[in-house]
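Participant: Numbering (numbering that gives the first Met the number 0), first residue to last: 0 to 197.
Just so you know, these hints were derived from the structure itself, not from any lab.
Please read all numbers here as calculations on a predicted model, not as lab measurements.
Heads up, a few of these hints could be off.
[What the hints assert, rightly or not] Straight line, CA to CA, 27 Å or less: simulated BS3-like cross-link-like pairs of lysine-lysine:
| id | residue 1 | residue 2 |
| --- | --- | --- |
| 1 | K128 | K53 |
| 2 | K128 | K89 |
| 3 | K159 | K128 |
| 4 | K180 | K16 |
| 5 | K169 | K180 |
| 6 | K89 | K53 |
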Amino acid sequence: MLITVRKYFFLIKTASKIQETFYNRSDVLCISLHRTSMDSTSGSVDEIGSENAKGRNINCPMPLDDFNCNNLIYAFQHLVMPVTLEFQPKVVIVTTSLDFGLARDSKAQITPETYASMIHMLQSLTQGKIAIILECDYTLQYVAPSVYAMTEVLLGLPPKVHSGSVIPTKSGADAVASAIKAHAPYWGSLAFHNSSSK
Numbered sequence: 000m001l002i003t004v005r006k007y008f009f010l011i012k013t014a015s016k017i018q019e020t021f022y023n024r025s026d027v028l029c030i031s032l033h034r035t036s037m038d039s040t041s042g043s044v045d046e047i048g049s050e051n052a053k054g055r056n057i058n059c060p061m062p063l064d065d066f067n068c069n070n071l072i073y074a075f076q077h078l079v080m081p082v083t084l085e086f087q088p089k090v091v092i093v094t095t096s097l098d099f100g101l102a103r104d105s106k107a108q109i110t111p112e113t114y115a116s117m118i119h120m121l122q123s124l125t126q127g128k129i130a131i132i133l134e135c136d137y138t139l140q141y142v143a144p145s146v147y148a149m150t151e152v153l154l155g156l157p158p159k160v161h162s163g164s165v166i167p168t169k170s171g172a173d174a175v176a177s178a179i180k181a182h183a184p185y186w187g188s189l190a191f192h193n194s195s196s197k
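Given these sequences and hints, build the entire structure.
Facilitator: If you want it as structure tokens, here you go:
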């Protein structure tokens, strides 16, 4: 999940406690990209924030089979980055699990290069003021390559892939479109995307 603070911006793998903690705060933007099959009491697309913080909590759940590299980069390009650029955070905090990396889950494989590409995009938001917090990681062989790739980007090296447009699956594109539709009333950047997709 991504969290930005005013401003803060958090990007997290699942919503749960982080969403609950900041759900009423308009100075904190939380965005969660996660699998719909994950066991969680929160994380639906219609959970947009409390009355005084509408639009500050963004969930983009994706089907298990569609939680992949192209769909995540597509979500970043069309949902995450437009909103965060408009929000203009001072700090970016990424809390994530890397247990989708490599061969741990045959249905949801996120490559180290994809993790690095997402961090590279986030670096443009706060002049490098970004923190990455790992959670729920169990096996070093799955975690290490992604940590290494993200560290390279933090040190100023360019990511190796995903510099241009990507083609999402239909379900992946639909998931992003649902999140955009839910939040278009609160973000000018998404209102443009929402109207152009009709």
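Participant: Hint by hint, say whether it matches the structure.
Facilitator: Status of the hints after comparison with the structure:
1. K128 <-> K53: Distance of about 25 Å is within 27 Å: holds.
2. K128 <-> K89: holds (7 Å)
3. K159 <-> K128: holds (22 Å)
4. K180 <-> K16: holds (24 Å)
5. K169 <-> K180: holds (16 Å)
6. K89 <-> K53: Holds, at about 20 Å.
When the structure is compared with the earlier hints, no violation turns up for any of them.
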